[in-house]
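Enquirer: Spelled out, the chains give:
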Amino acid sequence: MSFNLEGITEVALGIGLKLILLFIAYAIINPIGRKIISKILHSSTNKKKISEARVLTLEKLLINIYSYILIFIFITMIFGVFELEIGPLIASAGVVGLAIGFGAQGLVSDVVTGFFILLEKQIEVGEYVTTAGYDGIVEELGLRTTQIRSFDGTLNFIPNRHLEGISNHSRGTMRALVDIGISYNDNIDHAMQVLQHVCEAFSTDERFVDGPQVIGVQSLGSSDVVLRIIGQTQNMEQWQCERDMRKAIKEAFDQNGIEIPFPQQVTHIVKEEA
Amino acid sequence: MSFNLEGITEVALGIGLKLILLFIAYAIINPIGRKIISKILHSSTNKKKISEARVLTLEKLLINIYSYILIFIFITMIFGVFELEIGPLIASAGVVGLAIGFGAQGLVSDVVTGFFILLEKQIEVGEYVTTAGYDGIVEELGLRTTQIRSFDGTLNFIPNRHLEGISNHSRGTMRALVDIGISYNDNIDHAMQVLQHVCEAFSTDERFVDGPQVIGVQSLGSSDVVLRIIGQTQNMEQWQCERDMRKAIKEAFDQNGIEIPFPQQVTHIVKEEA
Amino acid sequence: MSFNLEGITEVALGIGLKLILLFIAYAIINPIGRKIISKILHSSTNKKKISEARVLTLEKLLINIYSYILIFIFITMIFGVFELEIGPLIASAGVVGLAIGFGAQGLVSDVVTGFFILLEKQIEVGEYVTTAGYDGIVEELGLRTTQIRSFDGTLNFIPNRHLEGISNHSRGTMRALVDIGISYNDNIDHAMQVLQHVCEAFSTDERFVDGPQVIGVQSLGSSDVVLRIIGQTQNMEQWQCERDMRKAIKEAFDQNGIEIPFPQQVTHIVKEEA
Amino acid sequence: MSFNLEGITEVALGIGLKLILLFIAYAIINPIGRKIISKILHSSTNKKKISEARVLTLEKLLINIYSYILIFIFITMIFGVFELEIGPLIASAGVVGLAIGFGAQGLVSDVVTGFFILLEKQIEVGEYVTTAGYDGIVEELGLRTTQIRSFDGTLNFIPNRHLEGISNHSRGTMRALVDIGISYNDNIDHAMQVLQHVCEAFSTDERFVDGPQVIGVQSLGSSDVVLRIIGQTQNMEQWQCERDMRKAIKEAFDQNGIEIPFPQQVTHIVKEEA
Amino acid sequence: MSFNLEGITEVALGIGLKLILLFIAYAIINPIGRKIISKILHSSTNKKKISEARVLTLEKLLINIYSYILIFIFITMIFGVFELEIGPLIASAGVVGLAIGFGAQGLVSDVVTGFFILLEKQIEVGEYVTTAGYDGIVEELGLRTTQIRSFDGTLNFIPNRHLEGISNHSRGTMRALVDIGISYNDNIDHAMQVLQHVCEAFSTDERFVDGPQVIGVQSLGSSDVVLRIIGQTQNMEQWQCERDMRKAIKEAFDQNGIEIPFPQQVTHIVKEEA
Amino acid sequence: MSFNLEGITEVALGIGLKLILLFIAYAIINPIGRKIISKILHSSTNKKKISEARVLTLEKLLINIYSYILIFIFITMIFGVFELEIGPLIASAGVVGLAIGFGAQGLVSDVVTGFFILLEKQIEVGEYVTTAGYDGIVEELGLRTTQIRSFDGTLNFIPNRHLEGISNHSRGTMRALVDIGISYNDNIDHAMQVLQHVCEAFSTDERFVDGPQVIGVQSLGSSDVVLRIIGQTQNMEQWQCERDMRKAIKEAFDQNGIEIPFPQQVTHIVKEEA
Amino acid sequence: MSFNLEGITEVALGIGLKLILLFIAYAIINPIGRKIISKILHSSTNKKKISEARVLTLEKLLINIYSYILIFIFITMIFGVFELEIGPLIASAGVVGLAIGFGAQGLVSDVVTGFFILLEKQIEVGEYVTTAGYDGIVEELGLRTTQIRSFDGTLNFIPNRHLEGISNHSRGTMRALVDIGISYNDNIDHAMQVLQHVCEAFSTDERFVDGPQVIGVQSLGSSDVVLRIIGQTQNMEQWQCERDMRKAIKEAFDQNGIEIPFPQQVTHIVKEEA
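Protein chains in written order, with the UniProt record's numbering: chain A, 1 to 274; chain B, 1 to 274; chain C, 1 to 274; chain D, 1 to 274; chain E, 1 to 274; chain F, 1 to 274; chain G, 1 to 274.
Extracted from the complex, chain A is given alone in its bound form (with noise of 0.2 Å):
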C-alpha cells in the first residue's frame, strides 16, 4: 500500500501545483485582459469624439463579458485539474451549448450590432430614424433593444439585430422638394418665373439654407408639364416649408393666372340608341 500512497501523494502534490500555476495565470490574465479592453476602447473612441459616459458604458460592457469568459474557463480548468472525467462535461457542454448556439443566436446578434451602433454613433437619442420598417424618433438605446417612438405616439421595440441598414434623418441639412403641375397651355417660361419669385421670397426665410429653385420640367405628364422646386433647409423644417410654399406658389398661380390643371381627357362622343 505504501506505494499508492506514494502516488496519491504524488498526485496530490500535481494537483496542488497546478491550481496554484492555474491561480496564478488568472491572477496574471485577468487585469491584463481588462487593461487592454480600456486601452483598446478608449484610444478607439477617442478619435471619435464619443461622450465620456458612453465609453464608460461599453467599457463596463466589455471588461464583464470578458469577466465572465475568464471565470467559464478557469471553473471548468478546475474540473480538469482534479481529472473528473471531463469527456461528460464536454458532451453535455457540447449539447448544451449547441442548443443555446442556435437559440440564443439572436440574443449574441443583437448585443455585437448594438455595440457598434453605440461605437460608430449611428443614432443618437432623440434623433429622427427610419429602419427596420419603422419610422420615428430614437427614445432609449440599448445593447439589445432599441426604442423608436414613432409620430402617431407608438412606441417600438426592434431587436438591434434587425436594425440592418440605418437612415439617419437628423444629420444635417434636408431637402425641401415640391413637384408642381401646370396647364399644357400656359407658357413654360412664364410660370418658372412665377416660381422663382417665390422662391426668391423663401431664399431670405432663415430656415433655409441652401434657399429654394426652379429647376425645370420634370416630366411632361398625362395632363400636366410638372416643374420642380428643390431647396436645403433646416434639420427638421422640410415638411413646415413645403407646406408654405406649396401655399405661396398657389396664391402666386392664383393672382398671375397659372392654372393646376385637374386630370385631362379627351372623349370622343358616339351617339347610339338604347
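Hints are computed from structural coordinates only; laboratory data are not their basis. From the three backbone atoms N, C-alpha and C, an ideal C-beta is built for every residue, glycine too. Careful, some of the hints might be misleading.
[As the list claims (entries may be wrong)] Partial list, computed: chain A residues near chain G (C-beta under 10 Å):
hint, residue
1, 29
2, 105
3, 122
4, 170
5, 174
6, 184
7, 215
8, 217
9, 220
10, 233
11, 260
12, 263
13, 266
14, 271
Once you've looked at the hints, dock chains B, C, D, E, F and G against the given chain A.
Expert: Just chains B, C, D, E, F and G, lined up with the frame of chain A:
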C-alpha cells in the same frame, strides 16, 4: 489475484473519493448558483421597477433551467466516474443533441425572446400592440407564446420568436390626424381659419393633451388642396377624437360654404358620327 | 499463457460487472424517468384543465420518446463494454446523424410545435382558425400534421411547424362591423339617428352580446361620408348579423330618403371640334 | 521474438474473437430490426386502412434504409477490429459527410416528407390538389417527387419537400358560391324571393348534396347590392353547378325585370369654354 | 540499442502488414463497389426505359465519384499507417472541409438535383418547360446547369438546384381555352348555339384531340356575360388553335348579330353651373 | 540518466525520420497534384473550345489553391511531429475556422460560381445579359465579381454567388414581336392582308433572319382585336426592327383606312336634377 | 522519491525545451507572415493603381488580424505545454466559439465584403451609387459600415454585408432618355423631323458626349404614338439635360403645331330615362 484485489480496492476507493468530491462540488455549486441568479435578477429588475410577482416568475424559471442543467452534468459525470465507456454516451448525445438542436431551436428562441420581453417590460397584459402582423390587445404573456386578442374578437397565439419588433400603442399620448381636402376655388386662408375655429373648440376637450392645430397645406392634389390637422390625445382616444373632429369639420364647412370637392376631371368633348 | 488466461478472466469479470451495473442502472433510470414524465405532465396539465384523453396521448408520446432514447443509449453502451472499437460507431453515427439532423429537422420541429399546440390548447377540433395562409375548421389535430377544412370544402394538410401564429376565431364574442356611406348632402345627425334606430332594433336580437352602436364618422371619402356601426355577437354569428344589418339599414335609408351615393365625379366639359 | 509471436497470436485471437462477436451481433440485430420495422409499420397502418400494396412499398423502403445503415456500421467496425487507424476514416467520413449532409439534405427532406404523405394518405393518385403553387390532378406519387397534371395539360414535377401544406379538393362535398349584384333601386326582398325560387329548382338536382340557399346581403357595393347564394355539391361538380346557376339566375332576373346593374357613377357636369 | 532495432523492425513489419492489408482491401472493395453501382443503376433504369446513352453518362459519373472518395480514404489511411500524427490532418481537413462544405454546398446540390432530373426523365432536350421563373425550350441538360432557350431568343443558364418544381408543357395534349363576353341584352342560349356551331366546325380539325365545347356561363361580369369554350389539342398547337377559334367566333358573332360589348357604365348626369 | 539520453536520441531519430518522410511525401505529392490539375483542366476545356488565355487563368487559380492547402497541411503536420500538443491548435483552428467558415462562405461561393461561369462560358465580355436583377452589357468577368454596364450608363458590381440563373441575350437570333390592335368594326381578314404586305416588305430586310409574319388574333380585348406579328432578327437588332415595323404599320393602316382604336366605353346617360 | 525527482526534472526540462521551441517558432513565423501579407497586398494592388493610403489601411488591417490569430494560437499552445488539461479549454472554446460564430458571423461578413469593396475599388467617396435599397452619394467607406447620403439629406449607415450588388452611377457617361407622345393624327415623319432639329441644337451642348438622337416609334400607346430620344451626357448631367430637352421639345411642338395628346377615350352614349 492479490494484485487484482488490490487494484479493485484501489479503483473502488478512487471512485468513492471522486463521487464524494462530486457531491461536495454539487452541494457547493448548486446554492451558490441559485443565489447568484436571484441576486442578479433582483438587482437588474429593481432598477426597472418590475412588479414583485413578475420577478418571482422569472426567478423560478431561471432557477429551474439552472437546476436541470446542473443535474444533467452531474448525472453524466457520475457515469464518467464508473468509467462506463463514456464514448458511446457522447456519440448518442451528439446525434440526439443535433436533432434536438435543429428541431427545438425555435423553442429555445421563444423562451429567450419571451424572457427579455418580460424583463424589459416591452408589453403588458391589456396593452394595445402591433407585432408579427397581428394587431390587438395583449391577453396573456407567456415565456413561449403570447396571446393577442384582435379587435374583431379573434384570439391569436404567437410564438415569441416571431415578435421581432413590437409596436406598443399604449405608451403615452397618441396623435389624432385629420386630412381634409378643399376646392381649388376656395380661399386657403379662409378654410384654415374655419378649421382653426373647430380646433379651438376641441382644445378644451379633456381628451386632447395637446390641442389640435392646423399645420398647413399637406399637398396640392389632383382634385383638391389638402389641409392637415394634428393633435395629441389621451391613449386610445385618438380614433373617437378623429371621428368627432371629422363630423365637426364637415358641419363647419357646410356653415361656411366651403366645399369638400369630389374628384375632378376636365373632359374635352369631340363629337363623332356613329 | 497463464497470464493471458488470467487477463481474459479478469477482463470477462470486468465486462460482466459493467454489464450488471448497466442493467441495474437501466432498471433504475427507466421507471424513474417514466414517473417523472407522468408527474410533470399531469401537474402541468391539471392547471390547464386539459381533458384526460389528451393528457394520455401526450403521456404515451413522451414515454415512447423517452424509451427509444434510453434503449439507444443502452445499446451503444453495451457495445462500449465489449470494447468493440467504439470509434467507427461514432463516425457512422456522426455522418448518419448529420444527414438525419438536416433532413429530419422539419419532422422534429413538427412534433415539438404540435406538442405545444396540444398542451397549450391553442386549437381544438371544430374551431374556426386562420393559420399559415389557411382558413377553416380544424378537422384533426396531429403531432405532425394538422387538418383544416376550408369553407369551400377543401381539406388542407399542414405540417405543424408552419403553424407560426394561430388566429383562433372561436374563442369568445366576435365583432360585427358595418361601414355605410351617406351622401355629402345628407345631414349626418339625421343619418346617425336612423342608423341608431336600426341598431336598437337589433340590440334585442339574442345573437348580439353587446348591442350594435353607431360610433361616428369613420372617414370623409371621395364620394361619401362613411359612418361605422360596431356590435359584439355570439361566435360565428357575426357574418349573418352583418348581412341582416346591411339589409335593415338599406331599407331604413330607403324609408327615410337617405341616399347611399354612387361614386361621384365633377366633370368640366370643354367642347372641341372633331 | 517468441514474445512477439505470442503477442501476435494473442492479437490474432482477439481479432478473431471480436470478428465472431461482430458477426453474431449482426446476425442477431439484422432480423430483429427487420421484424420491428415490419411490425410497427403494419400496426400503425392497420389503423389507417392503407392498402396492402402501399404498406409493402413503405416496408421495402424502410428495410432497405435499415440494411444500408447496418452494413455501413458493420464495415466500419471491421476496419476498427483490424486497428487500421480508424482516425483518418473518421476524418474522411466527416468531410465527405459534411459535404453530403449539406448538399443532399434536400434529398433526405424529400424522402422524409414523401414517406409521411404516403403514410398519412394526404393525397392519392387521381385527386385534385393545390400545393406548392401548383394546381391539378395527382398523376404519380413518389418518395422523392410528386407529379401533378395541371388542367391546361402541363405535367408538373415537384420535389416532396416543397409540399408544405397540401390543399386536397377531393375529400368531401364542395361549396358552390354565386355572388349576384342587384340595382340599388330594386327591392331586396323581391330579388331574394326570385333567387330562392331558382335555388329551390336546383335543390332537386342530384349534384347538390345540400340545396343552394340565399344567405343575404353580402355587401352594399359602390354600384350594386350584392346577394350571396351558397350550396354544397358533389365533389368536382361545383364549377358546373355554379355555371348552371348563373345562367338560371340571369334568365330568372330577365323574366322578373330585375336588373344586374353596370358600374354606376354620378357626374356633375360643369361647362367651360374651350 | 538492440531492443530499439527489434522494435523498429517490429514496427516496420507491422506497417508492412497493414499496408498489404490496405492494398488488398482496396483491391477487393474497388471492383465490388463499381459492380454494385453498375448493377443498381441498370436495374433501376431498365424499368424506366431510359436510353442506353444516358445510363452510361450516369454510370460514368457515379463510378468517378466513387473512385475519388475511395482514393481519398485510401491515402488518408496510408498516412495513418505511418503514424504521422494524423491529428493535424484531421484539423486541417475539418477547417478546409467546413469552408468547402459551406461554399460548395450549392455545387453538390446542383449535381444531386441534376442526377435525379436525368434519372427520372423530368425533362428532355427539346421540351417546352417552365421552371425557376424561366420559360422556354430545353436546349441542354447538364449535371450542374440546365440551358433553356426563351421564345424571345434568350439563352438561360440555370443551376439545377433552382429547378424546384418543373412544369413540363410537352407531356400530352394541351387545353385550348377561349373566354368570350356577350352583351347582357343578348340571349345566352342563342349565343351558346352560335358558339357550339363554331366548335363543331373545329371538332373535325385534326389538331384537336378532344373537340372544343361550350361549357357555360363562366361569370356575370361588370359589362358582359362571359362564356367559356374548352378543347384538347395536340401538344404545342393550343395557341394557334385559340387564335383561329377567336377569329372564327368573332366572324360568327358578326354574322349572327351578337355583340362583344365594350366596357359599360351608367352615368347619372347632374348639371352644375361653372 | 543514460536511459533518458537514449530515449531522447531515439525520439530525435524518430522525429528526424518522420520529417524526412514528410518532406519526401510533400516532394512527391506536390508535382503529381499539379500535373493532375493541369491535365484534367486541359482535357475538360479542350472539348469546349475555351481560349488558351482563359484556361491559363483557371489553371493558375487551381494550382494556387492546391498549393496553399498543401502547405497548410504540411505545416500543421510538422507541428505534430514535434509533439507540440496539437490539441490547442485543433481548438484554435476549430474556432477560427468556424468564424471564417460562416463569414467567408460568401467568398468561397463567389469563387466556385465564378469558376463554373468561366468554365462553362455562360457569359463573355461584351454580351448582353440579365441576371440577379441587373440588365446590361458584361464589362468584366472576375472570379469573385462580375461587372455589368446598364444601358443608362450605370456600372454594376455583382458578387458571382448572386448570378443564380443567367439570361444571355447574345446567343443567337432574337424575336421581334409587334402586337397591334384594330377596331371591332374593321374586317380582320383585310387588316391581316395589310399587315402581311408590311411583313413582306420587311422580309427582304437583311436584319431579319426569318421574315416577320402575321400569326393571327392574339386576343379579343375590351376595346380592340389584337393581331400579332412575329419575326426573327439578328442579335441586338430586334428593338430597332420593332420600332421600324410599328412606324410602317401605322402608315400602312393610315393609307388603308384601318383604325387603331382608342379605349372604348359605352355610357348609359341618366339625367338627374341638381 | 528519487525517481519522482528525476521524472519532474525531466518533465521540467521537456517543458522548457518545448517553450523555447515555441518561442523560436513564433519569432520565425511572425515576421515571415507579415512580410508575405505585405508583399501579396502590394503586388496585387499595384496592378490596380490603388492609392498608397488605402493600401496602408488594408495592410494594417490584415497584419492586425494575423497578429491576433498568431497570439491566440501561441497562448493556447503554452497552456498545452504545461499539460493543464487542455480538454476543458477546448470545450469552453467550442461552446463560446459556437455562440460567437453564429452571433458574429455578420461582423466577419461585413469585414470580408468591405475588404473586397476597398480592394476592387467598387465605390469611392463622392460617387453616386444605388445599393441595398439605398440611393445617394457615398460619404464614408468603412470596413464594417458604409455611409451613403441620400439626396433628401438622410445619412444611411449600411453594414457592408448588405452591399450585395452595387450600382455605381459615377463611372462613365450617362444616358439621357426622353419619351414623347404625339397624337395619332399627327404625321410621324414630321414630328421626328421637329425632334431631330431639337436634338441637333443640343448636340453642340458640351454636356452631351454623344448628341441626342430620335431612334423611332417606341410604342403605339392607347392614346398616343410614343417617340424616343436617346443621348449620352457627362456624368450626373443626365437629369438636367433631360429637363432642358423636355422644355425645348414642348416649345418646338407648340411652334410646329404638334400636339402632345391628353388620354383619349371613345364613349358611345346611350340615353336612358331616370
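Enquirer: Confirm or reject each hint.
Expert: We went through each hint and held it up to the structure:
Hint status for residue 29 of chain A relative to chain G: holds, with the closest Cβ pair at about 9 Å, below 10 Å. For the restraint placing residue 105 of chain A at the interface with chain G, the shortest Cβ-Cβ distance is roughly 4 Å, inside the 10 Å limit, so the hint holds. Below 10 Å, beta-carbon pairs count as interface contacts, and residue 122 of chain A has one with chain G at about 4 Å; its hint therefore holds. Contact between residue 170 of chain A and chain G, as hinted, is supported at the beta carbon level, the nearest pair being about 9 Å apart and thus within 10 Å.
Look at residue 174 of chain A: its Cβ gets to within about 4 Å of chain G, closer than 10 Å, so that hint holds up. Interface restraint check for residue 184 of chain A: the shortest CB-CB distance to chain G comes to about 7 Å, inside 10 Å, so the restraint holds. With a cut of 10 Å, the hint placing residue 215 of chain A at the interface with chain G holds, because the nearest CB-to-CB distance is about 7 Å. Nearest Cβ of chain G to the Cβ of residue 217 of chain A: about 4 Å, under the 10 Å cut. The hint holds.
Because the closest C-beta pair between residue 220 of chain A and chain G is about 6 Å apart, less than 10 Å, the hint holds. The beta carbon of residue 233 of chain A comes within 9 Å of a beta carbon in chain G, closer than 10 Å, and the hint placing it at the interface holds. Taking 10 Å as the C-beta cut-off, the interface hint given for residue 260 of chain A is violated, the closest approach to chain G being about 16 Å. The interface hint given for residue 263 of chain A holds, since its Cβ lies 8 Å from the closest Cβ of chain G, which is under the 10 Å cut-off.
Hint status for residue 266 of chain A: holds, given a least beta-carbon distance of 5 Å to chain G, under 10 Å. Nearest Cβ of chain G to the Cβ of residue 271 of chain A: about 5 Å, under the 10 Å cut. The hint holds.
Checked against the numbered hints listed earlier, the structure breaks hint 11 alone; every other hint is satisfied.
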